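Student: Could you build the full structure based on these sequences and the hints that come with them?
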Amino acid sequence: MDSPAQLAHRLRTSVGRLVRATRSVDRMSPTVGAVLDLLGRHGAMTVADLAACRGVRHQSMAVSVEELLANGYVERRPHPVDGRKKLVDVTALGREALEAESSRREGALAEAIAGTLERQEFAELARGLDLIDVLVESLGDTRGGDLAGQVLSGSW
Numbered sequence: 001m002d003s004p005a006q007l008a009h010r011l012r013t014s015v016g017r018l019v020r021a022t023r024s025v026d027r028m029s030p031t032v033g034a035v036l037d038l039l040g041r042h043g044a045m046t047v048a049d050l051a052a053c054r055g056v057r058h059q060s061m062a063v064s065v066e067e068l069l070a071n072g073y074v075e076r077r078p079h080p081v082d083g084r085k086k087l088v089d090v091t092a093l094g095r096e097a098l099e100a101e102s103s104r105r106e107g108a109l110a111e112a113i114a115g116t117l118e119r120q121e122f123a124e125l126a127r128g129l130d131l132i133d134v135l136v137e138s139l140g141d142t143r144g145g146d147l148a149g150q151v152l153s154g155s156w
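Residue numbers (the numbering used here): 1 to 156.
Because the hints were derived from the structure by calculation, they are not lab data.
Predicted model only: the values in this text are computed from it and were never measured.
Check the hints yourself; a few may be wrong.
[Unchecked claim] Cβ pair distances, simulated, as ranges:
1) 131 to 79: 39 to 45 Å
2) 6 to 137: 19 to 25 Å
3) 117 to 95: 27 to 33 Å
4) 57 to 84: 30 to 36 Å
5) 100 to 21: 45 to 51 Å
[Claimed, not checked] Each computed EDC-like pair below joins lysine to aspartate or glutamate, with the alpha-carbon atoms no more than 20 Å apart:
6) 86 to 66
7) 86 to 49
8) 85 to 66
9) 86 to 75
10) 86 to 37
11) 86 to 99
12) 85 to 75
13) 85 to 49
Beta carbons: idealized from backbone N, C-alpha and C, even for Gly.
Tutor: Here is the structure:
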């Protein structure tokens, strides 16, 4: 029987492999997807706030935002309190692109489940996912609440 440390290693490794495998169907870069996901989940932010949340330099985030602007995935608007700043927010086109990426990933995963697992294994997988949810709760899910000081990668 595996120890908790061995299970932790296997879980982290398997989840990482699963994420990389599902990203194989992506059409946008991981950085672009992560920024869109962050804006979609937490609302409009300045480039500086986006950079802090992603743990990257301001200049790097500015390049990513320019790419998103050029594709019509985000827009800039005046900051409601500080006129010197601009907020970056996801557009309807950006939400559609992010949803399409998510649908492609889920579709690829659903095909793999249907084509690889036996029917009785579906219940085992569902139980494993329930246990993963319990672990996430015990670790403290960082999705909600104040973003100050958090480096977020989103589910992207």
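Student: A separate judgement is required for each hint: does it hold in the structure or not?
Tutor: How the hints compare with the structure:
1. 131 to 79: 39 to 45 Å: holds (43 Å)
2. 6 to 137: 19 to 25 Å: holds (22 Å)
3. 117 to 95: 27 to 33 Å: For residue 117 and residue 95 the Cβ distance comes to about 32 Å; the hint holds.
4. 57 to 84: 30 to 36 Å: Because 20 Å falls outside the window, the suggested range is violated.
5. 100 to 21: 45 to 51 Å: About 18 Å separates the Cβ atoms of residue 100 and residue 21, which means 45 to 51 Å is violated.
6. 86 to 66: Roughly 13 Å between the alpha carbons, so the hint for residue 86 and residue 66 holds.
7. 86 to 49: holds (11 Å)
8. 85 to 66: holds (16 Å)
9. 86 to 75: holds (10 Å)
10. 86 to 37: Status holds; Cα separation ~19 Å.
11. 86 to 99: With a Cα-Cα distance of about 25 Å, the restraint between residue 86 and residue 99 is violated, given a limit of 20 Å.
12. 85 to 75: holds (13 Å)
13. 85 to 49: holds (11 Å)
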